[in-house]
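Trainee: Chain by chain, the residues run as shown.
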Amino acid sequence: MTANITWAAFSQQILVGLSKTTILFIVSSGLSLVLGVLRIPNVFHGSLYMIGAFIAYSAAMVLGGSPLGFWVALVVAPLGVALISLIVERGLFCRLYEREHLMLLLFTFAFMLVFGDLVKLVWGSDYRSLSAPPILQGYFSIFGLPFPRYNAFLLLIGPLVAFGLWFLTNKTKIGKISRAAAVDREMVGAVGINVSWVFAAVFIIGCFLAGLGGALVAPTQNITQGMDHAIIIEAFLIVIIGGLGNIWGALLGALIFGLTDSIGILVWPQFAIVFPYIAVVVVLMFRPQGLLKSVW
Amino acid sequence: MKKSIWLLAVPLCLFFLYAVPGALAGDTIKVGIVDCYSGPPSTYTNDVRDAFQLAVDNINAQGGILGKKVEFTTRDSKFKVNIGLSAAKELIMREDVDILMGTINSALALAISNLAQEEKIPFFATFSKSAKITGEAGHRYVFSLTENTAMAGKAAASGLAKHPFVKYWIAGDDYEYGHAIANGVWSNLKKIKPEVKLLGESWWKVGEPDFTPYITAILSAKPDAVIIATGGRDCVPFLKAAKATGFNKKVPFFMHTATELATLKPLGPDAPEGVIGTSNYFFYYPKTKANQQFVKDFRKAYNRYPAVGAVYGYMAGQFFKKAFEKAGEVDTEKFIDAIEGMTVETPVGKVTMRAYDHQAMLPMFMGVTKKVPQYDFLIAGDIITIPAQDVMPSIESIQKARGE
Numbered sequence: 000m001t002a003n004i005t006w007a008a009f010s011q012q013i014l015v016g017l018s019k020t021t022i023l024f025i026v027s028s029g030l031s032l033v034l035g036v037l038r039i040p041n042v043f044h045g046s047l048y049m050i051g052a053f054i055a056y057s058a059a060m061v062l063g064g065s066p067l068g069f070w071v072a073l074v075v076a077p078l079g080v081a082l083i084s085l086i087v088e089r090g091l092f093c094r095l096y097e098r099e100h101l102m103l104l105l106f107t108f109a110f111m112l113v114f115g116d117l118v119k120l121v122w123g124s125d126y127r128s129l130s131a132p133p134i135l136q137g138y139f140s141i142f143g144l145p146f147p148r149y150n151a152f153l154l155l156i157g158p159l160v161a162f163g164l165w166f167l168t169n170k171t172k173i174g175k176i177s178r179a180a181a182v183d184r185e186m187v188g189a190v191g192i193n194v195s196w197v198f199a200a201v202f203i204i205g206c207f208l209a210g211l212g213g214a215l216v217a218p219t220q221n222i223t224q225g226m227d228h229a230i231i232i233e234a235f236l237i238v239i240i241g242g243l244g245n246i247w248g249a250l251l252g253a254l255i256f257g258l259t260d261s262i263g264i265l266v267w268p269q270f271a272i273v274f275p276y277i278a279v280v281v282v283l284m285f286r287p288q289g290l291l292k293s294v295w
Numbered sequence: 000m001k002k003s004i005w006l007l008a009v010p011l012c013l014f015f016l017y018a019v020p021g022a023l024a025g026d027t028i029k030v031g032i033v034d035c036y037s038g039p040p041s042t043y044t045n046d047v048r049d050a051f052q053l054a055v056d057n058i059n060a061q062g063g064i065l066g067k068k069v070e071f072t073t074r075d076s077k078f079k080v081n082i083g084l085s086a087a088k089e090l091i092m093r094e095d096v097d098i099l100m101g102t103i104n105s106a107l108a109l110a111i112s113n114l115a116q117e118e119k120i121p122f123f124a125t126f127s128k129s130a131k132i133t134g135e136a137g138h139r140y141v142f143s144l145t146e147n148t149a150m151a152g153k154a155a156a157s158g159l160a161k162h163p164f165v166k167y168w169i170a171g172d173d174y175e176y177g178h179a180i181a182n183g184v185w186s187n188l189k190k191i192k193p194e195v196k197l198l199g200e201s202w203w204k205v206g207e208p209d210f211t212p213y214i215t216a217i218l219s220a221k222p223d224a225v226i227i228a229t230g231g232r233d234c235v236p237f238l239k240a241a242k243a244t245g246f247n248k249k250v251p252f253f254m255h256t257a258t259e260l261a262t263l264k265p266l267g268p269d270a271p272e273g274v275i276g277t278s279n280y281f282f283y284y285p286k287t288k289a290n291q292q293f294v295k296d297f298r299k300a301y302n303r304y305p306a307v308g309a310v311y312g313y314m315a316g317q318f319f320k321k322a323f324e325k326a327g328e329v330d331t332e333k334f335i336d337a338i339e340g341m342t343v344e345t346p347v348g349k350v351t352m353r354a355y356d357h358q359a360m361l362p363m364f365m366g367v368t369k370k371v372p373q374y375d376f377l378i379a380g381d382i383i384t385i386p387a388q389d390v391m392p393s394i395e396s397i398q399k400a401r402g403e
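Chains A and B are the protein sequences, given in the same order.
Counting in numbering that gives the first Met the number 0, the first sequence runs from 0 upward without gaps.
Counting in numbering that gives the first Met the number 0, the second sequence runs from 0 upward without gaps.
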């Protein structure tokens, strides 16, 4: 334990933790959405996040690294990932929905490996880095400690995405149909709705979120192979503690994961790695079904 | 009459069975490289392989070694010890290699080193930073062509001791490399400057994506300087977070590989300035004819700047040629006797293979990240050369580690 635990440092860590939560929430809500409606544990969700980061990098490079590049990348990357997911869903996935879970799990796992190699073929093994636009570079001083502007930007994006998802699932037709399809697929089909296309739409939205997460994280990270493995484990844990398929559960799980991580780093830096995982264990001990209602 | 023909046939058959394959193998010197060519480590290992190829091409263009052509084959270890070890076995058994090289993975390097000792095949570690390879686990058949955590620690400590810093914070990868570097720097720094104080430590997992929370927590402790014991791909996101939080402007920090090309190039102009780092090589330093020629050749062949790994790979070829020529024949024991204490003229100057522990005596360059107009990425500036003899672990310390 160290003497640096002041209120200023504590609130600083909470802010930084919340900005990390944003990325975790965006990625895991996409995973949760697909898991809830399609019942697919999409293991290559992390690969799409990685591809999103790489597309963001390439899009920004095409524009010669101008400040506009980042904003274009932020739009192009999730759309690119959505396009990839459309091809995968219509080409392969839509034929497999009736199979067992284990088959689907293996299938998505195989795709994780395929995408990993594709990324290596297309982008090579060098590290890549994308700059944040000048307006988001640098930092604010909060309580005498630096808080990066880009993290502040993430704090604005998080609630926007959460609102967007709420609107989509509760206020739009496709959201309502997809929620119904999650509960009873056959009944939705029986009333004359093309369930297959609803599934495709949900899958694409979920993957879009993975791509968005990848694009958003790109300026803070090393864009490299292996990004997929790191995020997919965290995303699955978040989805599990939040309640399978529940988007608000993903939000809650991401908050728990992000905040225990950043506060653990302040409180006990030698063993900070274990804090989020201890939180997961504690949650699962008391609520093995997850914090919020699972749709499964 | 008939009987004598049969009798003659027996030695003839034996001759073809044993002598011919031997004669065929005798035309080449075979080198086998096992290394990780998939995933993030390949950004380092590709340079070792490509520069070794360059050295081999040069050697073969000049008529080979002792009239024999040098050939080499590579195997991808996928950063896994079991895959790499069976590849090394396969290279010995099936490819019949004379020399083994490779691995950025320390655990694999130690495993292959064991195998090399059993099979009596020389093994040259090219990128693994574990001090055990030529330290406590060293033996007659293992060599290291790269600096290790003990050398980096000594170099960093002698550089840091020149600064007035007293209160330090240590942070790094919770992995052997991170702890070894941190211990190396700290134990040497304590020796040179006993008044230094350790305020605290942070350890993160390898592949940690976001270092911002770590940096803000460290800054709140207000240390004079920070030792960052992180390596490989984590350097890039760490430097990004350092820039975003203004860490480099608030508290000076040292990170062993911060100034390396593989770290600074991807960051472009976004890398933080003023970060203290150490490395064995820069394509722009030392500014010698030999280095300029090497950079020119490498760029001509691969259209990129050589990074630190290139020196290790190139030097391997130089050592092999000189040692076999001194030995006068392709014989493992004579080769080892020849290479012990041998000096070759490399792009970083004269490098000697220390006879006692088979550790290449490489100088270390300590520099500070700096923007320059010539390149679109940062380079190391204000470079101080720390000569090899100041960096090498003492023979007594190795004897102690080996229990001799």
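If you are wondering where the hints come from, they were derived from the structure by calculation, not from laboratory data.
Quick reminder that beta carbons are idealized off the backbone N, C-alpha and C, glycines included.
Wrong hints could be hidden among the right ones.
[What the hints assert, rightly or not] With a straight-line cut-off of 27 Å between C-alpha atoms, the simulated DSS-like cross-links for lysine-lysine are:
#1 Lys-119(A) - Lys-221(B)
#2 Lys-119(A) - Lys-204(B)
#3 Lys-88(B) - Lys-131(B)
#4 Lys-221(B) - Lys-161(B)
[As the list claims (entries may be wrong)] If you anchor each label on the Cβ, the simulated ranges turn out as follows:
#5 Asn-59(B) - Leu-154(A): 23 to 31 Å
#6 Lys-370(B) - Pro-158(A): 51 to 59 Å
#7 Met-92(B) - Ala-109(A): 51 to 59 Å
[As the list claims (entries may be wrong)] Away from chain A, derived, C-beta distances all over 10 Å, residues of chain B:
#8 Lys-88
#9 Val-165
#10 Ile-217
Trainee: Could you run down the list of hints and mark each one as holding or not?
Mentor: Right, here's what the structure says about each hint:
| no. | hint | result |
| --- | --- | --- |
| 1 | Lys-119(A) - Lys-221(B) | 41 Å, violated |
| 2 | Lys-119(A) - Lys-204(B) | 23 Å, holds |
| 3 | Lys-88(B) - Lys-131(B) | 22 Å, holds |
| 4 | Lys-221(B) - Lys-161(B) | 20 Å, holds |
| 5 | Asn-59(B) - Leu-154(A): 23 to 31 Å | 60 Å, violated |
| 6 | Lys-370(B) - Pro-158(A): 51 to 59 Å | 37 Å, violated |
| 7 | Met-92(B) - Ala-109(A): 51 to 59 Å | 32 Å, violated |
| 8 | Lys-88 | 26 Å, holds |
| 9 | Val-165 | 16 Å, holds |
| 10 | Ile-217 | 8 Å, violated |
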